[in-house]
Amino acid sequence: MFNKVLIANRGEIAVRVIRACRELGLQTVAVYSDADRNALHVRYADEAYYIGPPPARDSYLRMDKLLEIAKKSGAGAIHPGYGFLAERAEFSQACEDEGIVFIGPKPHAIATMGDKAMARATVTAAGVPVVPGTEGEGTLTDDELLALAPKIGFPLLIKAVAGGGGKGMREARSLEEMPALLRSARQEAEAAFGDGNVYLEKLIEGARHIEIQVLADTHGNVIHLGERECSIQRRHQKLFEESPSPFVGQDEAFRQKMGMVAVRAAQAVDYVSAGTIEFLVDKDKNFYFLEMNTRLQVEHPITEYVTGVDIVKEQIRIARGRPLSYTQEQIAMHGWAMEARINAEDPYNNFMPSIGRIDHTLLPTGPGVRVDTGVYSGFEITPYYDSLISKLIVWGETRGHAIQRMRRALEEYKIVGVRTTIPFHQNLLKQSRFIAGSFDTRFVEERFSMEEADAMRETYPEIAAILATLVAHQETLRAAHVIRSAKRDTSNWKWYSRWERIHR
Amino acid sequence: MKYITTVNGQEFEVEILDEHRVAVNGEVYAVDIAAVSGRPLYSLLANNHSFEGYVYAEEGLWQVLMGGTLYEALVEDEQLRRLRLAGGGGGKERGPFLLKAPMPGLVVAVPVTKGQEVKKGDVLVVLESMKMQNELKSGKDGKVEKVKVEVGQTVDQGQVMISVV
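Read top to bottom, the protein sequences are chains E and G. Last residue of the first sequence: 504 in the numbering used here, with the numbers rising by one and none dropped. Last residue of the second sequence: 165 in the numbering used here, with the numbers rising by one and none dropped.
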């Protein structure tokens with residue numbers, strides 16, 4: 001049994017794990033790169049060890065150094081957080097080999113779910129539906145793809161293997177138009193990624209991304225904690241999540257059906273710890289397995305809010321060999337929770353990352369508000385790590401209350417120094433489609449623009465004019481003052497001693 | 001002091017009457033402005049209505065982010081405005097466009113070559129930073145004059161990568 005935990009991560013998630021450990025009375029060990037000496041996770045941990053230069057491959061991805069520090073500090077367990085080494089089977093294996101508890105799944109579960117083809121085959125064998133397609137089947141020629149297309153059915157998507165951002169993606173409605181579409185998709189993929197390989201996938205129209213949180217212990221108990229709605233995304237990056245999903249809503253039978261399938265998928269790989277099964281759900285409530293994330297997720301707090309389960313503490317409990325604190329019957333969802341990811345990105349400029357020093361930050365507080373963040377006033381946002389700087393999570397009795405509370409909290413949240421996605425969330429929460437809960441995974445990319453959203457809102461151009469003019473006016477006066485003060489009539493030395501007296 | 005302030009294309013005559021009074025198109029507002037924890041976050045009381053906004057300069061314009069809405073404001077005093085109008089304005093598109101790295105990063109694609117004709121908005125460089133691929137676009141129509149980076153190269157913030165004339 002361990003009582004000291006090394007957190008092999010940084011940022012808000014390292015802080016989140018440290019908090020759980022402290023509440024459980026466990027000692028904590030942080031690691032930091034040159035870029036993170038002043039980071040919150042270093043300041044909150046009991047011990048902290050330097051791990052290398054800023055690039056992740058030289059620091060947070062160095063398994064050898066992490067294991068060495070674990071041994072040196074006497075940490076009996078390692079929590080990987082998310083990202084970095086969280087889904088690397090060889091790291092889970094290396095911990096096991098060194099006699100250190102990995103707070104997460106076993107190597108074979110990570111490896112199986114990390115391989116698209118293997119994951120699809122494994123869950124299919126367990127009776128879990130997958131999106132029909134050829135993903136993970138290796139390099140296929142046009143002839144092979146044309147032969148497979150009718151089996152998948154139309155409409156279907158041609159997608160780039162190296163893809164992202166819709167590049168090299170084509171929608172095919174019939175076999176006749178496929179050869180031309182394959183050619184253009186390959187060309188575009190080749191130009192964008194230097195890899196012209198494509199695969200086919202059945203087009204799920206109006207697809208939503210809904211995922212199920214599962215917990216599994218080492219005694220064979222597997223439960224699910226309901227769903228999270230994650231359809232608000234851009235370039236496959238989630239931006240905003242909520243639980244429950246407005247699409248599932250009161251349909252408890254549908255929720256339990258998806259939940260039980262998720263449990264089966266986890267059981268298929270003898271899963272242990274917290275994990276998430278991602279589904280694509282069509283408008284007729286058919287759902288298909290997308291992938292399993294074999295780690296703690298960024299958006300886990302919304303599930304914590306509605307179920308009352310502390311997922312990180314359960315992970316630690318499971319790693320200590322204890323049974324789950326809950327049975328499936330004890331899990332119920334209360335109210336509604338939402339999470340807005342606050343990224344250091346400029347929503348007015350194509351979500352371009354924004355780096356710099358956080359000069360000032362004022363956190364939203366008050367009823368039903370939780371902020372998980374790793375930054376504070378004076379903290380430097382560097383280009384080395386991902387742009388997530390904070391997660392704003394709210395709870396309300398109903399979805400309507402949660403939306404109102406999120407709006408209020410976003411108004412309160414002030415971050416000065418870098419651009420953030422706060423204005424994006426403010427606009428999102430005013431969209432009637434969002435409020436009605438009728439959106440799919442294409443919503444942000446196809447039906448949303450910051451400019452249009454801004455135009456729809458009640459605006460105060462004359463107030464903006466006053467603000468801009470007053471600030472510009474002050475700047476002009478300040479500049480003029482600098483020029484004038486150079487023309488002092490007294491000698492500089494005399495002036496200096498006066499200046500000193502004033503500022504003493 | 002009288003200014004002509006253009007907000008999102010709409011012109012306002014803003015006259016600063018004294019420290020606590022401003023006239024907008026002749027309508028007088030009682031105002032009080034305070035910088036919150038230093039600039040650029042300002043609290044503005046206009047006729048006792050409380051507003052809060054970020055105000056920062058970018059490319060000669062004032063960006064005002066208020067209540068989740070971004071306003072672009074051009075603030076000119078009467079003299080400046082006369083000069084600009086006399087000069088024909090819009091000198092921005094003349095001269096070469098220098099694509100500078102907005103942040104340190106790794107060049108993952110350069111989809112243009114020297115001498116190529118490009119349109120404003122065409123992607124010149126894809127730069128990876130913060131684990132994201134960012135498309136950096138041309139600010140003008142023209143011909144690619146110089147390509148100073150190649151795929152796989154890391155660049156510093158502000159480094160000129162491509163010029164378009």
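It is worth saying that the hints were derived from the structure and are not from the lab. Please note that the accuracy of each hint is not assured.
As the list claims (entries may be wrong) - If you want the footprint, here are the derived chain G segments under chain E, 3+ residues with CB under 8 Å:
hint : segment
1    : 6-13
2    : 19-32
3    : 102-109
4    : 113-123
5    : 128-139
Stated by the list, open to error - With a Cα cut of at most 35 Å, we get these calculated DSBU-like pairs of lysine-lysine:
hint : chain 1 : residue 1 : chain 2 : residue 2
6    : E       : K106      : G       : K146
7    : E       : K167      : G       : K146
8    : E       : K202      : E       : K283
We treat Cβ as the ideally placed atom computed from N, Cα and C, and that holds for glycine.
A quick look at each hint next to the structure:
1. Requiring three or more residues with a Cβ within less than 8 Å of a Cβ of chain E, the coverage given for the segment 6-13 of chain G holds, as 4 such residues are present.
2. Figure legend: the segment 19-32 of chain G, annotated as covered by chain E; annotation consistent (5 residues with Cβ-Cβ distances under 8 Å, at least 3 required).
3. Given a C-beta distance limit of less than 8 Å, the hint that chain E covers the segment 102-109 of chain G holds, as 5 residues qualify and 3 suffice.
4. For the segment 113-123 of chain G, the proposed coverage by chain E is not satisfied: 0 residues have a C-beta within less than 8 Å of a C-beta in that chain, short of the threshold of three.
5. Proximity of the segment 128-139 of chain G to chain E, defined as three or more residues with a beta carbon under 8 Å from a beta carbon of that chain, is established by the 7 residues found.
6. Restraint check for K106 of chain E and K146 of chain G: not satisfied, since their Cα atoms lie roughly 52 Å apart, outside the 35 Å limit.
7. Under the criterion of a C-alpha separation no larger than 35 Å, the hint pairing K167 of chain E with K146 of chain G is consistent with the structure, at around 27 Å.
8. A C-alpha spacing of about 14 Å is found between K202 of chain E and K283 of chain E, which places the hinted pair at or below 35 Å, so the restraint holds.
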